[in-house]
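Each chain, written out:
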Amino acid sequence: MSLSAPCIRPLAILKQAFRQCRAERQQLRSQRQYATAAETYPSLAPRFPPPSAGFRPSQAIKQNRTETGLTKIPVVPPPRSTRKACPDPIAQITTTQLKTLDPTGARTRLFSPTNPERAQVGDILLVRLKNSEPFSGLLLNIRQRHSSIDTAILLRNQLTRVGVEMWFKVFSPDVEGIEVVQRAAKRARRANLYYMRQPRHDIGSVEGVVKQYMRRTGGPMGGRDGRGAGRARGKKGGKGKR
Amino acid sequence: MIQLKSMLNVIDNSGAAVAECVKVLKMHRAAKTGDRIIVVVQKQRNFGPESGPGGSVSVSAANKVRRGDIRHAVVVRTAKKLQRPDGSVVKFDDNACVLINKGGDPIGTRLNGIVGKELREKKWSKILSLAPMHL
Numbered sequence: 032m033s034l035s036a037p038c039i040r041p042l043a044i045l046k047q048a049f050r051q052c053r054a055e056r057q058q059l060r061s062q063r064q065y066a067t068a069a070e071t072y073p074s075l076a077p078r079f080p081p082p083s084a085g086f087r088p089s090q091a092i093k094q095n096r097t098e099t100g101l102t103k104i105p106v107v108p109p110p111r112s113t114r115k116a117c118p119d120p121i122a123q124i125t126t127t128q129l130k131t132l133d134p135t136g137a138r139t140r141l142f143s144p145t146n147p148e149r150a151q152v153g154d155i156l157l158v159r160l161k162n163s164e165p166f167s168g169l170l171l172n173i174r175q176r177h178s179s180i181d182t183a184i185l186l187r188n189q190l191t192r193v194g195v196e197m198w199f200k201v202f203s204p205d206v207e208g209i210e211v212v213q214r215a216a217k218r219a220r221r222a223n224l225y226y227m228r229q230p231r232h233d234i235g236s237v238e239g240v241v242k243q244y245m246r247r248t249g250g251p252m253g254g255r256d257g258r259g260a261g262r263a264r265g266k267k268g269g270k271g272k273r
Numbered sequence: 097m098i099q100l101k102s103m104l105n106v107i108d109n110s111g112a113a114v115a116e117c118v119k120v121l122k123m124h125r126a127a128k129t130g131d132r133i134i135v136v137v138q139k140q141r142n143f144g145p146e147s148g149p150g151g152s153v154s155v156s157a158a159n160k161v162r163r164g165d166i167r168h169a170v171v172v173r174t175a176k177k178l179q180r181p182d183g184s185v186v187k188f189d190d191n192a193c194v195l196i197n198k199g200g201d202p203i204g205t206r207l208n209g210i211v212g213k214e215l216r217e218k219k220w221s222k223i224l225s226l227a228p229m230h231l
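From first to last, the protein sequence lines stand for chains A and B. Mapped onto the working numbering, the consecutive letters of the first sequence carry residue numbers 32 to 273. Mapped onto the working numbering, the consecutive letters of the second sequence carry residue numbers 97 to 231.
Read the hints as simulated data drawn from the structure, not as lab findings. What you are looking at is a predicted structure, and each value in this text was computed from that prediction instead of being measured. All C-beta atoms in this analysis are idealised placements derived from N, C-alpha and C, irrespective of residue type, glycine included. Misleading hints may appear alongside valid ones.
What the hints assert, rightly or not - Which stretches of chain A does chain B cover? Using the computed rule of at least three CB atoms under 8 Å from a CB of chain B, they are: (1) 44 to 57; (2) 189 to 199.
What the hints assert, rightly or not - Subject to a maximum C-alpha distance of 30 Å in a straight line, what follows is the list of computed DSS-like cross-link-like pairs (lysine-lysine): (3) B:K222 to B:K176; (4) A:K200 to B:K160; (5) B:K222 to A:K161.
Unchecked claim - Heads up, incomplete: computed chain B residues facing chain A, CB under 10 Å, no partners named: (6) A113; (7) I134; (8) K177; (9) Q179; (10) S184; (11) V185; (12) K187; (13) F188; (14) D189; (15) D190; (16) R206; (17) G209; (18) I210; (19) M229; (20) L231.
Can you build the whole structure from these sequences, using the hints too?
Okay, here's the thing in structure tokens:
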């Protein structure tokens, strides 16, 4: 390009000549650089076109996997969770049991804590049994273990001047009916009246109270079916057959 | 739960009032209602005028056993809770027994006190028939 003009000039002026040379070399270098950048070696050239904008390798791998047509492994779905199907089996069993053992729901009401007319410790109860004589006594304790179907009551009485205590399962099929003979005058301040076993607190036999109750409800077996008892005690707000 | 050294009330009119268990027969556990035990009479019943309904029994019946006698007996009440097959539980305030002879017949002629119903299953029907009440 500009080589011809400086070559004609005299070489005496060395300073100038060197300067010239440097400039030329610089020029050449820059030219050479441009040339190398533009050159494409076949080994270094990219084999594939560059990825498009927004290319995500993870996506691409997934796509490739399905596309290659690998054999599909059959996956068995997990079994249905029984915990989801029936979250509280105990409660379900309790309700079904209560339906069969207490169809009217009277006995559940008699011992339900929400009922203000419920049987409480200190009351005198009469338990009518299918296979033996009825048992009456002072209610010392109401016990409920695990679920309401296990509710049991502890009655205390004196028979032939000997203290007798009996536990009854409230929902037992052997129990025909539970009646409240006499309510406690005052609400007991204890859950269990075990102190009633002590001689100074023992109320003795409840036979007299029960006999009076029988007379009031009619006949010695007055409330056998529970209806007569219900009428007689109607004004007290209680229900005959519990 | 009657075992060695347990003291029991004797509720028949054989003349004994309190007896001490010295052996539970035919088992390796404590005796329950209806089980047969051997007792030593520790205290005699005095059939005086103050004994009430027991006073009407004949004097000969009162002298059938004496203090220190070794006798067979049947447990009829226990203070230990006893569960029945129907789920109900019965508990008495005291331990009581009835004296019998080796043949199994009661020595006394009448009982004064309630007895457990378990005697029926253990074939003590003679004692049950003498008892004023069973539970």
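Ascending list of hint numbers which this structure does not respect: Of the numbered hints given earlier, those the structure breaks are 1, 4, 6, 7 and 16, listed in rising order.
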